[in-house]
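With the hints as constraints, model all of the structure from the sequences given.
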Amino acid sequence: MNGTARSDRAEKQKFHIRLEGIVLNSSGLNYSGPVLTPYRLPFAHSVAQGGRFFFLLFIFILPFQRAIFFKENLFDIQGLKPFNLLAAIVLAYLVFQSAPLHATDKIEQRSIRIFLLYFATFTIAVIRSIPNAPVFHSRFPISFPESYLDYTLSYCIVPALYTLPFLFVLKRMCSFRELERLTTVICLSILLLSVAFVVAVLIAGAGSRGEINALCETYFGFHYNTIGTIYICTAPLLLYRALTGRALWIIPLALSLLAILLLQSRSTLVTVAVTYCLFLIQRRSFAILILGMTVVGIAALFLSGSTVNSLLSIGFAGSSETSADAVLTGRVDSIWIPLLNEWTSDIGLFVVGAGRSGMMTSQLWDTGVIIQATHAHNAIINFFLDCGVILSGVLIVLLLVGIATAWRVGRGLNSDLYWALFACIFGFGFGTMTDREILPTAENMHVFPIIAMMINVARLRYLFQLEKRRDGLLPTKMRRLNQLE
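Here the sequence shown is numbered in my numbering, starting from 1 and rising by one per residue.
There may be inaccurate statements among the hints.
[Unchecked claim] So the derived label-pair ranges between C-beta atoms look like this:
#	residue 1	residue 2	range
1	I250	Q49	28 to 36 angstroms
2	W407	S98	26 to 34 angstroms
3	I347	I251	51 to 59 angstroms
4	G402	G210	31 to 39 angstroms
5	S345	P82	45 to 53 angstroms
Since the hints were made in silico from the structure, they are not lab data.
Virtual Cβ for every residue (Gly too), placed ideally from N, Cα, C.
Shown next, in the form of structure tokens:
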């Protein structure tokens, strides 16, 4: 009898250890990972908490890294900016407190392999571009430094730091509660950005698109399209918070919409609207969708001037011609076609590209045939110019497979957070038709943690199904536990 009781208690304890990382509730599944020991050393726990704090702070200041109060070097040491120092702390924690490239399941393994392929592609493209640093500086002195060291720091090291959140989230933010906390930090960061931008516009009295861009570059250190991309990548998360959180989250949502209107970026206005519609349709919130469209329509009747003119403009000022080139503001005839013709006529450029910022090495730069810009204003074409046709083909295949897989996984999940994250990535992909880049830049810095968050939500489902296959149906096990008690 005593042996049977001890066996029952042992089985009960064993099952509790297995299920300690799994929590079922009305909002979804939360898997915090297997528990190896019931005790934690206080120092190790403090280090883990400190690492998460610095990472969340890193995410919070992403939109402000080039602002006036962050862009100066500390102690006049080259490259020692507050953002870079914070990134170094996060990197050190990731390297010394975990195995960043060690996978614990199939989903994580595939994700790390694709990330390594992506990072290797970026590294090779940047290394190939280093000899062109003086050329870049001569053509855009403000944007590109003259020395090779400064160029390497600005266009290799700093962009590489933008990819850190992917590995950190994938390895360390592995529970639903942590993903929700990260979502909250991103939303609060965008709230502060919206408040700062709206106040700056109202104080400066900026009205035209040129004045808005000058204000963005002066106070935030970014082109106005870059700030627009930040909103594209994060706006669905604000809508998610407003619909699933407290009513006060409507305020950050409204402020972000006001900031987007004041920004006067056509691609941002259209893309955010598309992502909102996608999220609401997938969530089956048709009443909110109709109400939102009605409010936007009424607002359009009362709004006049630069905002509506920016949305409805079809080309260069004073042009009455309606064509694809006019709608795309000269991108077709003055960027894409000439550069594609040049690259396809040279076998070397066609196969392997010209390295990072390949457009700026074009022989057509000083001829007046192309618009002088740092990138091709189409992410796929720009990637082809940098890396060639082989890697571009691999990229397109991975993108198509990734979109199909993400959609299929989302259909099997009952998670509003997943679809909000999917809408963020869809919006960025939609915006790559006219701007943005595939390789890491300040424009796509929010894409990396968001993709990792999507992967982890999918991993929660995968790990739960694995646990069910190992232990049988969960309700049966829970009844057995009750009997043991």
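Here is how each hint holds up against the structure:
no.: 1; hint: I250 / Q49: 28 to 36 angstroms; result: 31 angstroms, holds
no.: 2; hint: W407 / S98: 26 to 34 angstroms; result: 31 angstroms, holds
no.: 3; hint: I347 / I251: 51 to 59 angstroms; result: 57 angstroms, holds
no.: 4; hint: G402 / G210: 31 to 39 angstroms; result: 37 angstroms, holds
no.: 5; hint: S345 / P82: 45 to 53 angstroms; result: 46 angstroms, holds
No hint from the list above goes unmet by this structure.
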